[in-house]
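Chemist: This is what each chain is made of:
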Amino acid sequence: MMTLELILQGLVMGVFYAMMGIGLTLIFGILKVVYFAHGESFMVGAYTYALIAALLGLPLPIALASAVVVGALLAVIVERLLIRPLYEKFGDWQQMRDEYAIIVTFGLSLFLINAANQFLGPYPYHGPALTDIARFQFGDIIIGGHRLVAGLLGLLILGGALWFIQRSFWGKQIRAVAQNRFGASIAGIDTRRVSALVFMLSGGLAALSGALLVPLFHAQPDVGMVPALKSFVIVVLGGMGSPIGAIIGGLILGVLESFGAFYVSYAYRDTFAFVILIAVLLLRPQGLFGERAREV
Amino acid sequence: MNASHLRTRREFLVSLVFLAAVAAVPLFVTSGYLLGIVIVAMYYALLAIAWNLLAGYTGQFSLAPTAFAMIGAYGTGMASYHFGLPPAVGVPIAILVSAVIGMGLGRIVVPLRGPYLALTTIAFAEIVRHVARNAHEYTRGDFGMSVPLISSDRVMAFYLMLALLVAVQVGLYFLLRSHAGLYLQAIRDDETAAAGRGINVIFWKTVAFTVSGAICGFAGAMYVHFSGLASPDIGHIFETGLVLASVVIGGIGTMIGPLVGGFIVQFAAEGFREFGLRHMLVFAAMVILFVRFFRQGLWGLVKNAWDRLFGQGAARPARQVKEAGE
Amino acid sequence: MSLLRFENVHKAFGGLKALDGVSISLEAGCMTGLIGPNGSGKTTLLNVLSGNLAPDQGDVIFDGRSIVGLQPSAIARRGVGRMFQITRLFRRLSTLDNLVTSGCAFGLSFHDALDRAERLIEELELTAVHDEDGGNLSGGQQKLLEFGSVFMGAPKIAVLDEPFAAIHPHMREVMVRFIRERHAEGHGFLIVSHDLPVVLGLTDDLIAMNAGQVVARGDADTVLHDPLVIEAYLGETAVS
Amino acid sequence: MKRVSPVAGALMPTTSKRIAGIAAAALLTAGLASPVAAEDGPIPIGLSLTQSPPGAVIQGEEVLRGHLIARDIINEEGVLDREIELHVQDSQGIPERGRSAVERLIERVGVVALSGQHQSSVCLAEIDVANRHNIPYMNTNCWSDDVRAAGYPQVFNPNIYNSRVAEAMGEAIAQLEGIESIHALAENTDWGIGQAEELGKYLAEHAPDIAYRHDLLDREAEDFTPVVQRIRSDQPDMVVAIMLPPAAYILMNQLAEQGVVPSDDTWLFEGGGLFSYPDFWDNVRDSAVNTIFFDLYHPEMPLSAFGERVRDEYVERYDGTPSRLVFQAADSLLLIAEAIRIAGSTDGDAMIEALQGIELEGSRGVITFSDEPGVLYQQWVDTPYVTFQVTELDQALEDTVFVSAPGVEVNIEALAR
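So the sequences go chain by chain: A, B, C and D. For the first sequence, counting from 1, position 110 maps to 109 in numbering that gives the first Met the number 0; every step adds exactly one. For the second sequence, counting from 1, position 192 maps to 191 in numbering that gives the first Met the number 0; every step adds exactly one. For the third sequence, counting from 1, position 4 maps to 3 in numbering that gives the first Met the number 0; every step adds exactly one. For the fourth sequence, counting from 1, position 47 maps to 46 in numbering that gives the first Met the number 0; every step adds exactly one.
One thing to keep in mind: the hints can contain errors.
Unchecked claim - Under 10 angstroms between C-beta atoms, here's a sample of chain C residues computed to sit facing chain B:
hint	residue
1	Q70
2	A75
3	F109
4	T126
5	E131
6	S148
Source of the hints: derived by calculation from the structure; they are not laboratory data. Built from N, CA and C at the ideal position, the CB exists for glycine as well.
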């Protein structure tokens, strides 16, 4: 019974990880760089939900929607100001894109964390739960009310996002740019708009993930750091650039952590992810679902 | 003389002038506080130089420089805390341990490039930090271990750190001047081509990781014997950010850039205390602006200004050659 | 005894058989052209030779020893000089340093490398960009520089993948002259190109590949009139 | 005592020194240079506390508030006809930043005493500097025994220390009835680990029948569900939480989420003094009900006139109930002011001597410092503490049920379950 419960709890966490990871994997897909400020979209979403719902007392759906909008907006602004040179300028910029991308998003992350600390204060904010039901009980399995509701909602949204990426017109454009930016631009795809869209999507999803978790985690300036690092892991696990891989990677990581913490060590709970990351990169660098890049 | 050597020698000479100026600081400044700032600046400069060897010269974008500083710090820290060994024994142990771990990591990540390398090394850094924080019986956990001071005299500590910095800079100069310097830069520019020209890529990458790890470990070990505490904060992800920022602000892939960058970042962090609460905010903004608009770093700006003023480069602007060629 | 022998080499990517039992033998000091339509497996064969790809099956014997499983750098030092289809050089090193680096890696002392590099720069007409970063050179200059880099060592066989694609006619002349002189000195060449006229101007010994297999080998007359080769090129006669 | 300011020395107007000064100023940013306090101007006191991540910013804010309130109260009368002036530096919870912050305060600002630190790791780095410069160092809230055991005469500890907290909790637990098993959850710091181990030792000695185990949790973690599941399946009679926010809030909420507390079967004992954090009820809900809290302040605890002033000022300025940190901070500054008054000067040795013999009515009792070496060195041994129980959601501190205090038996009847 405990096994089932650990799986269930792990899957729920996995849904939130996946919501973070899917955005990161899309960004990697179209730009081939690591985006370090992803955790701050999560943080912004968490704050927006907590502030709007708890302080202004607005209805929860509005709070959730605002979180998505603010997260998406932030990501789009960042894309316009800091990310665009990565694909607009060639030559010199090409040679140190990795460096530029990591340092600029790293600096951005530092900036946003300290801005939150400065303007919102250090106190953690608690968001109201989506349901009044404290917990659901199925036989011996207990799961928190909000956790289950948020998890199911997250699952629904993940499904929607996946549909959008795989089936919709825009999603096809995203995948075209991911496969070949130059080719896509020749085929008449506005790669700028696609990039903006990808950042909007990933910022919105990360913010939603933060909003759904804030009743469990509390909003504070550096709340996004752990989820961001985890989302790197699942993106690698699932294969960089693969949205389905990110979802499955997220679920796998959630379950592995659940078991690892329960049976191996509570204190090292957040360490497992990194061990998994290194193992995957060394044994199967293309991830579980990625395609091996052909070199030379 | 070939161009790489000329460039390296010019940068090395400028860095020697800079180091000479630093060496003169205690003659004029008696404040322990100011000397302390300069000592910490030298620590960051060392990490920046070591990271620049990997990222700037070899093209290996590792995110683990402070993890190696931590390995060095805990190497000597645990030797002292658990076995009562003096720094004279602890520091060499720290260098050895960080060099060996650097070699192991370097060998393991040989096939990885770009983002994959960045993620593997950040995962490695986080594992090291988590172990230091949670293996309480050995590391004393989050609060760290008290470590004896290498010298209660600030000026002494200052010159010890400076000696290390000079030694590293000179050593690096000879490394870069030898064929190794050319090999590392060749690997940075094109690994496949390097291998095709007979350069043993695996070997030289591993060398770069080993040397870089050893320098970071050495710096970390010296640093804790100055600050008196080996704590997991040494390896915090923000610290890595400071190291990268030092290199980028100073000028990546140069001998002088990281050295000066380390000083600038530390002084800026201290100077911005004047802004009270906002110092980290201002600092982060500065990092973004620099990397966004002055990507060649300060050394690049200085060099361009010099060329423009004194003409030597005006005859052949690199940009035009390139445009003509494409 | 031959210098280089491919023995029944197979290589597949997923379901695609890029090399399907290739056997080729080349003599020391050869001057051989390797032709075939796009996707016929030429570049894959070169990648197997230079150690950038491991064959699924079969062996590559160079200078009497198998080189399968060796590092690319080790194969290069044994005397396989490789030029890539997309020019590969050290973009942030100067022209001279590009050559010196290769020279050192091939075992020359620094001073010898410097001497030879200066001579090659003159020979390849790169004097004007002597101190320019490799990345700032024009496409043709980069090609010449890569060429020079390979000959900083003493390749027993130089493998050139599309060496004449899209470069200035004058540079092509420089290159052809360079190849002839080196060949006369005893270096072997394996030239992969679509550009039949240039290949034919250099050599009469051709190998034709299609669909991962060698379909013909012999002098130009024989190969170009081989029905399999004609079939392979059908619809592709307008070779780029 | 000779205490020439090194900064003043460096800026002395001889030509070479002036050049050096210019060089130093050019080397550093211009902002670094600042004047040394005049002899008859305000008395500069340095505060090093956490104002930005990764440190405990919430604690830093409370400590700052306590100091600001105390400063204003003290300045109504002044000290030696001078005012107290606070200089705040952000230590970010990083030992190295703390060390550099207090060096800056001493050498650039010329502060005569230091106060405010609330994170043990930072304290440990800072006291070396205070020791080297012979500047009195008021430890506002570092609980680590090592801060005392270092034996520096400059360091005074008007707050509680780890082993005492564990003893106090153990005393209260041992008097409860029907407790057979305890599962303690401690954060992975000296503070958490120290308390969990000390508590185990105390119980092994005084209540050997109780089965006690403890687990360490990572204070950076955000999900504790697995350990909560473990507790749910083990069903201990009591869970002891030795964590600080925000991890502590998350842990408590997740205990409630799984239905471990509040329940008829399991007590929750909170050992981190959480209840008096101003954001406690914003962040913790059901799990707080019927929880027993350890703290250093409770309204039923007698306050001095000074303590009442501090409390009233806090309520007026910040619209909330002050936490223990506010009183500890106010006491710290009051002690410094009193030491200056007794010493009649801001000389380090004179102040230290004054503090060693001090007997001062602080906010919550008369403060004296022991001279016993070890963990009691220059420690206010009789630091008041209290345990109380929360019985309702959103309960105010004054409505909670007083359980015990030093010398007071546990009020078992009062306890709800």
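Chemist: All the hints need checking, so say for each whether the structure fits it.
Modeler: Checked hints:
1. Q70: holds (7 angstroms)
2. A75: Where the cut-off is 10 angstroms and the nearest Cβ of chain B is about 4 angstroms from C:A75, the hint holds.
3. F109: Result: holds, 6 angstroms to nearest chain B Cβ.
4. T126: At 13 angstroms from the nearest chain B Cβ, C:T126 fails the 10 angstroms test, so the hint is violated.
5. E131: Since the shortest Cβ distance to chain B is 6 angstroms, the answer is holds.
6. S148: Holds: closest Cβ of chain B sits about 6 angstroms from C:S148, inside 10 angstroms.
Consistency with the previously given hints fails for number 4 only.
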